[in-house]
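Q: Below, each chain spelled out in residue letters.
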Amino acid sequence: MTPVTTTKSPFEDLLAALIRESGALTVLLVTRQGTVFSQGGDTSYMNTTAMAALVAGMFSATREVARMVGEDQFSILLQQGERRHIHISLVAGEIMMIVVFEDQARTGMVRHACRRAAEQMAVVLPQARERETMEKDISLPAFREYALNLIDRIFQT
Amino acid sequence: MPYVGFHNKEISFKIVYYGPGMSGKTTNLVHIHKTLVPARRGDLVTLDTAQERTLFFDFFPVELGRVEGYAVRFNMYTVPGQLYYEASRRLVLDGADGVVFVADSQHQKIEENCESFLSMQKNLRSYDMDLQSFPLVLQYNKRDCENPIPLGVLERQLGLNGVPVYESVAVKGDGVFETVKKVTQLVVEQFQI
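Protein chains in written order, with the numbering used here: chain E, 1 to 157; chain B, 158 to 350.
One should not assume that every hint holds.
Claimed, not checked - Here are the computed distance ranges between Cβ atoms for each label pair:
no.: 1; chain 1: E; residue 1: R111; chain 2: B; residue 2: H264; range: 55 to 61 angstroms
no.: 2; chain 1: B; residue 1: E209; chain 2: E; residue 2: E21; range: 42 to 48 angstroms
no.: 3; chain 1: E; residue 1: E102; chain 2: B; residue 2: E209; range: 30 to 36 angstroms
Stated by the list, open to error - Straight-line distance between alpha carbons at most 20 angstroms, and here's what the computed DMTMM-like set of lysine to aspartate or glutamate pairs gives:
no.: 4; chain 1: B; residue 1: K338; chain 2: B; residue 2: E220
no.: 5; chain 1: B; residue 1: K166; chain 2: E; residue 2: E12
no.: 6; chain 1: B; residue 1: K279; chain 2: E; residue 2: E64
Source of the hints: derived by calculation from the structure; they are not laboratory data.
Beta carbons are placed, not taken as given, at the ideal position from N, Cα and C, and that holds for glycine.
Just chain B, with the same shape it has in the complex (with noise of 0.2 angstroms):
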């Protein structure tokens, strides 16, 4: 539900990037914030524990630029991805206009990836989210692992189609801003007034 200022004149919108823990959402946003240019971001705020794992959310905003007039920023989230956060990342996904699921390619992360997907399905359509219509990206991160999990296997399991995939290393950057891009793009030609 992206917000409209008609008086102050700005559109924000609010990406989601979802996951199992450490699948790398966290690296994902920290290399966003770290490549654009200080113009284009706010300051990146991180909830996190003494084990640097995320707690509640990090966060922080891309200012796209003037647009008809209006001032157009992408509120970038990320959720916890331990299980036992799951009632912090329900809370995360409310309101969001788009998500990246960035899953774990390493062969044993296959149930872990599955069962987190699940999870933001059923948390989405507790916001009432048409899940057929809703802006996703599926990003396969950590390509360099060892045997990582074949592209194709979790649309398969999950029952996904026409979901745009994307390949990265995150740590590296390697396809961090493709999948930015594709999520930020999926939520402009959805945005209505």
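Extracted from the complex, chain E is given alone in its bound form (with noise of 0.2 angstroms):
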């Protein structure tokens, strides 16, 4: 198993002025597995876990239909809503970037900050993950034998 890891995130950055400049609500950065490690704007309207697992599932169903129509896949969803809407796109063919804004004359915007984020993320990514080696931090016997202990406790019979 490799796991997919991320370290200090130098998309905070990029992801707080993607929300400056296209002025969206929100914006995630999702794994393909369904799993949040980065985020930007406010989020406390929403369950971010559950968004995160559900986007995931429905980029990659859609996946699935661009294959069926002869394309690799579809890199951007918009779902537009009556108060708000939603641009999904597919960073460096792994990671999926949700945003969240509320302006419809603003899609424009957003698409081309995304597109622009986007860009960016592809070369800081193989920086972090880089870095990450150096980062290290977790000792495995120890890691396994407290999560042991934990799972005993939680599911307790």
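If you follow the hints, you should be able to join the two separate chains into one complex; please do so.
A: As structure tokens, this is what we get:
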């Protein structure tokens, strides 16, 4: 099992800039497995864990749909609501960037800001991966022992 | 493939409940969800049809707590069991760190159980999972049915050796925690960075 790892997020600044430039409400970076690993803007109104799981499912389903019509994938998904809209795009082929915004007239601006942020992230991502090898601070035997104790306690029969 | 976030100090594992239609996958998850104290679980998300059959997946996170400074979470998923949702089942298995195969103990379901298990193996292989070492638990559910499939039958038919097996009656909660405990233990024991 090769884990997906991230480190001190250089993405936070990029996400803050994206929020500033696009006027969006929220931005989440989500792995293909459906885990949030960075976020920006206001997330207080949202269950980000469930959101990540649902969007990952939605994106992977859409990828299969794309293949059925002869595309590798649809790189952008746009969901329009009454008040809020969601723009989802793929970064470096593996991370989903979810942007929630309210003003529909800003769709173009959001799309532009997302594209720019995605380009920057694609550059930063390999550097972050390199650095994370130096930051591994988990003792695996201790981790396993303590986690197994917690499992015993939580799933008591 | 567990998620390890060094910057946000978080580790998440994905556990998938797989099995034929109506074998009790969602019932397992619902029981775990309602039995855990609220601090240990997030909201249960269900994507089902009007007939309450799972359409895409059910999902909720189990918060294990802090380990070595990391918040550890198990993201629990089910797959839809009905035959024609094969594509969805494959998608949900993507990135799974452990699987519980929920078999239906009713005698007439032997073939359906085997077909579902073989499709699971095929789907896991499509993600390059090593089936020999992959954390897997076999649960014989609905043990309260008349004339249940004897333990060992599915293992023999599927050529399974050394896979942990549990009996359960998920609607009553019997055997549910034993099963989830085992699969989470296996996943943690296999965890590598």
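Q: Does each hint fit the structure? Answer for all of them.
A: Checked hints:
1. Separation of R111/E from H264/B is about 57 angstroms and conforms to the stated range, judged on CB atoms against 55 to 61 angstroms.
2. Between E209/B and E21/E the beta carbons are some 44 angstroms apart, a value that agrees with the proposed interval 42 to 48 angstroms.
3. For the pair E102/E and E209/B, the beta carbons lie near 34 angstroms from each other, so the given range of 30 to 36 angstroms is met.
4. A threshold of 20 angstroms between alpha carbons decides the hint, and for K338/B with E220/B the separation of about 14 angstroms falls inside it, so the pair holds.
5. At most 20 angstroms may separate the alpha-carbon atoms for a hinted pair to count; K166/B and E12/E meet this at roughly 15 angstroms.
6. Note on K279/B and E64/E: the hinted pairing holds, with a Cα-Cα distance of about 17 angstroms set against a maximum of 20 angstroms.
Comparing the model with each numbered hint stated earlier shows that all of them hold.
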